[in-house]
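Protein sequences appear in the order of chains G and C.
Letter by letter, the first sequence follows residues 1 to 161 of our numbering.
Letter by letter, the second sequence follows residues 1001 to 1172 of our numbering.
I should point out that these hints are in silico values taken from the structure, not numbers from a laboratory.
Built from N, CA and C at the ideal position, the CB exists for glycine as well.
Some hints could be false.
Said to hold, decoys possible - These stretches of chain C come out as covered by chain G in the derived footprint (C-beta under 8 Å, 3 or more residues):
{"no.": "1", "stretch": "1011-1019"}
{"no.": "2", "stretch": "1043-1055"}
Said to hold, decoys possible - SDA-like cross-link-like pairs, simulated, lysine to any residue; straight-line CA separation at most 25 Å:
{"no.": "3", "chain 1": "G", "residue 1": "K113", "chain 2": "C", "residue 2": "T1003"}
{"no.": "4", "chain 1": "G", "residue 1": "K144", "chain 2": "C", "residue 2": "E1045"}
{"no.": "5", "chain 1": "G", "residue 1": "K110", "chain 2": "G", "residue 2": "E124"}
{"no.": "6", "chain 1": "G", "residue 1": "K144", "chain 2": "C", "residue 2": "P1059"}
{"no.": "7", "chain 1": "G", "residue 1": "K46", "chain 2": "G", "residue 2": "G136"}
{"no.": "8", "chain 1": "G", "residue 1": "K144", "chain 2": "C", "residue 2": "N1051"}
{"no.": "9", "chain 1": "G", "residue 1": "K144", "chain 2": "C", "residue 2": "S1143"}
{"no.": "10", "chain 1": "G", "residue 1": "K110", "chain 2": "C", "residue 2": "T1003"}
{"no.": "11", "chain 1": "G", "residue 1": "K113", "chain 2": "G", "residue 2": "S141"}
{"no.": "12", "chain 1": "G", "residue 1": "K144", "chain 2": "C", "residue 2": "R1008"}
{"no.": "13", "chain 1": "G", "residue 1": "K144", "chain 2": "C", "residue 2": "E1041"}
{"no.": "14", "chain 1": "G", "residue 1": "K113", "chain 2": "G", "residue 2": "M89"}
{"no.": "15", "chain 1": "G", "residue 1": "K144", "chain 2": "C", "residue 2": "H1029"}
{"no.": "16", "chain 1": "G", "residue 1": "K144", "chain 2": "C", "residue 2": "T1162"}
{"no.": "17", "chain 1": "G", "residue 1": "K113", "chain 2": "C", "residue 2": "R1008"}
{"no.": "18", "chain 1": "G", "residue 1": "K144", "chain 2": "C", "residue 2": "T1003"}
{"no.": "19", "chain 1": "G", "residue 1": "K110", "chain 2": "C", "residue 2": "A1044"}
{"no.": "20", "chain 1": "G", "residue 1": "K46", "chain 2": "G", "residue 2": "E35"}
{"no.": "21", "chain 1": "G", "residue 1": "K113", "chain 2": "G", "residue 2": "H13"}
{"no.": "22", "chain 1": "G", "residue 1": "K46", "chain 2": "G", "residue 2": "R97"}
{"no.": "23", "chain 1": "G", "residue 1": "K46", "chain 2": "G", "residue 2": "L63"}
{"no.": "24", "chain 1": "G", "residue 1": "K144", "chain 2": "C", "residue 2": "M1015"}
{"no.": "25", "chain 1": "G", "residue 1": "K110", "chain 2": "G", "residue 2": "Q25"}
{"no.": "26", "chain 1": "G", "residue 1": "K113", "chain 2": "G", "residue 2": "L40"}
{"no.": "27", "chain 1": "G", "residue 1": "K113", "chain 2": "C", "residue 2": "L1049"}
{"no.": "28", "chain 1": "G", "residue 1": "K113", "chain 2": "G", "residue 2": "I156"}
{"no.": "29", "chain 1": "G", "residue 1": "K113", "chain 2": "C", "residue 2": "T1058"}
{"no.": "30", "chain 1": "G", "residue 1": "K113", "chain 2": "G", "residue 2": "E102"}
{"no.": "31", "chain 1": "G", "residue 1": "K113", "chain 2": "C", "residue 2": "A1044"}
{"no.": "32", "chain 1": "G", "residue 1": "K144", "chain 2": "G", "residue 2": "R53"}
{"no.": "33", "chain 1": "G", "residue 1": "K113", "chain 2": "G", "residue 2": "V59"}
{"no.": "34", "chain 1": "G", "residue 1": "K113", "chain 2": "G", "residue 2": "L95"}
{"no.": "35", "chain 1": "G", "residue 1": "K144", "chain 2": "C", "residue 2": "V1025"}
{"no.": "36", "chain 1": "G", "residue 1": "K144", "chain 2": "C", "residue 2": "T1137"}
{"no.": "37", "chain 1": "G", "residue 1": "K113", "chain 2": "C", "residue 2": "E1056"}
Stated by the list, open to error - Some chain C residues judged to face chain G by a derived CB distance under 7 Å, without partners named:
{"no.": "38", "residue": "C1004"}
{"no.": "39", "residue": "T1035"}
{"no.": "40", "residue": "R1037"}
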Amino acid sequence: MDSFDAVYRRHYHELYRYVYRYLGQAECCEDVVQEAFMRLYRQREKSSLDNERAWLYRVATNLSLSQVGRQKRWQGIAPKLGQTSESPMPPDEVLARNQRAETTRRALGKLGKRDRVLLMLYQEEMSYREMAEVTGIHVNSVGKLLSRAMARCARILENPI
Amino acid sequence: MKTCPESRQLFDYLMDELPLAEREVVERHLGACATCRAALEAMAERRTLLNERFEELTPQDIPYRLWEAPSKTPTIGGRRWPLIASAACVVLALFVTQKMGLRCGTGEARAARFAQYQPEPVSDALEDWNEKRMTVTLIQEGSPQATVIHTALSPDKITQETISIDARGMRP
Chain G
1 MDSFDAVYRR
11 HYHELYRYVY
21 RYLGQAECCE
31 DVVQEAFMRL
41 YRQREKSSLD
51 NERAWLYRVA
61 TNLSLSQVGR
71 QKRWQGIAPK
81 LGQTSESPMP
91 PDEVLARNQR
101 AETTRRALGK
111 LGKRDRVLLM
121 LYQEEMSYRE
131 MAEVTGIHVN
141 SVGKLLSRAM
151 ARCARILENP
161 I
Chain C
1001 MKTCPESRQL
1011 FDYLMDELPL
1021 AEREVVERHL
1031 GACATCRAAL
1041 EAMAERRTLL
1051 NERFEELTPQ
1061 DIPYRLWEAP
1071 SKTPTIGGRR
1081 WPLIASAACV
1091 VLALFVTQKM
1101 GLRCGTGEAR
1111 AARFAQYQPE
1121 PVSDALEDWN
1131 EKRMTVTLIQ
1141 EGSPQATVIH
1151 TALSPDKITQ
1161 ETISIDARGM
1171 RP
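Using the sequences provided together with the hints, build the complete structure.
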């Protein structure tokens, strides 16, 4: 079993990115990500896990869903993306990107929880098997459900109201 | 494959989730079926659109927070005690009972008396757990004096006060 520090370094960024896409707020993100790793730390003291990455994502997903539930509604406001020193963008491009991000978040808000989670996990380049481990959905159903989620989301994005 | 594959199979092919044997069959069919090629292309465009839109949700700067492992301290009564304070408690009890040659009672009576003097938290607030107090009264047979040891344990120190009291009328 890898050391906890190695696991933390390996998965921190991708988990943060996943939770950030879900919550869109840096403050909540850090708390959720740290809590997920804290639970993994405690879990390791009790027993070993077959797939720690999937376990982390499952915990982070549940924590994110709880956070959204506490907020009572899906946050339709996209985070303001600014320029970075590495890839400065013209202001009008930044504005356009922010607007598109906001539209994407609103589209995700119109999807059911399961669809949203599957799309988010797909973005993490997870296999069907890993998605099944995270969500509890049978692996033979993941493809069909993901396909439908993509189709619904694409329809909403192409016809924003 | 003479009949067109199901939509699910095409999707699994696109996602690279088909077993190798099925993949080869679908590939051969796609070579001969324009309808399925068009359906696959539509799925691929949809996937590209979503990939691009999700990419824009990605934070541009991800702050990295160093991992701080929680401190491992033994718990007594649900409260965390520093190891040294717990060990000091045991050493203190052994020293008092052995070096001073005092009898604290037998078996169950000893356990019952000790249970009476379980440390109690100063308050329930986690920030205020830093001091535990314990009082042990030791009675020596035949002696008119009893020894009372008040011990206060905190994370970084132990304070102890020993006094003698009139033991007449007291029973171990």
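Evaluated hints:
no.: 1; hint: 1011-1019; in the structure: holds (count 4)
no.: 2; hint: 1043-1055; in the structure: holds (count 8)
no.: 3; hint: G:K113 to C:T1003; in the structure: 35 Å, violated
no.: 4; hint: G:K144 to C:E1045; in the structure: 18 Å, holds
no.: 5; hint: G:K110 to G:E124; in the structure: 21 Å, holds
no.: 6; hint: G:K144 to C:P1059; in the structure: 29 Å, violated
no.: 7; hint: G:K46 to G:G136; in the structure: 22 Å, holds
no.: 8; hint: G:K144 to C:N1051; in the structure: 18 Å, holds
no.: 9; hint: G:K144 to C:S1143; in the structure: 85 Å, violated
no.: 10; hint: G:K110 to C:T1003; in the structure: 36 Å, violated
no.: 11; hint: G:K113 to G:S141; in the structure: 16 Å, holds
no.: 12; hint: G:K144 to C:R1008; in the structure: 6 Å, holds
no.: 13; hint: G:K144 to C:E1041; in the structure: 17 Å, holds
no.: 14; hint: G:K113 to G:M89; in the structure: 33 Å, violated
no.: 15; hint: G:K144 to C:H1029; in the structure: 21 Å, holds
no.: 16; hint: G:K144 to C:T1162; in the structure: 76 Å, violated
no.: 17; hint: G:K113 to C:R1008; in the structure: 21 Å, holds
no.: 18; hint: G:K144 to C:T1003; in the structure: 20 Å, holds
no.: 19; hint: G:K110 to C:A1044; in the structure: 22 Å, holds
no.: 20; hint: G:K46 to G:E35; in the structure: 17 Å, holds
no.: 21; hint: G:K113 to G:H13; in the structure: 23 Å, holds
no.: 22; hint: G:K46 to G:R97; in the structure: 45 Å, violated
no.: 23; hint: G:K46 to G:L63; in the structure: 21 Å, holds
no.: 24; hint: G:K144 to C:M1015; in the structure: 11 Å, holds
no.: 25; hint: G:K110 to G:Q25; in the structure: 19 Å, holds
no.: 26; hint: G:K113 to G:L40; in the structure: 24 Å, holds
no.: 27; hint: G:K113 to C:L1049; in the structure: 20 Å, holds
no.: 28; hint: G:K113 to G:I156; in the structure: 15 Å, holds
no.: 29; hint: G:K113 to C:T1058; in the structure: 20 Å, holds
no.: 30; hint: G:K113 to G:E102; in the structure: 18 Å, holds
no.: 31; hint: G:K113 to C:A1044; in the structure: 24 Å, holds
no.: 32; hint: G:K144 to G:R53; in the structure: 23 Å, holds
no.: 33; hint: G:K113 to G:V59; in the structure: 15 Å, holds
no.: 34; hint: G:K113 to G:L95; in the structure: 28 Å, violated
no.: 35; hint: G:K144 to C:V1025; in the structure: 20 Å, holds
no.: 36; hint: G:K144 to C:T1137; in the structure: 73 Å, violated
no.: 37; hint: G:K113 to C:E1056; in the structure: 21 Å, holds
no.: 38; hint: C1004; in the structure: 16 Å, violated
no.: 39; hint: T1035; in the structure: 18 Å, violated
no.: 40; hint: R1037; in the structure: 17 Å, violated
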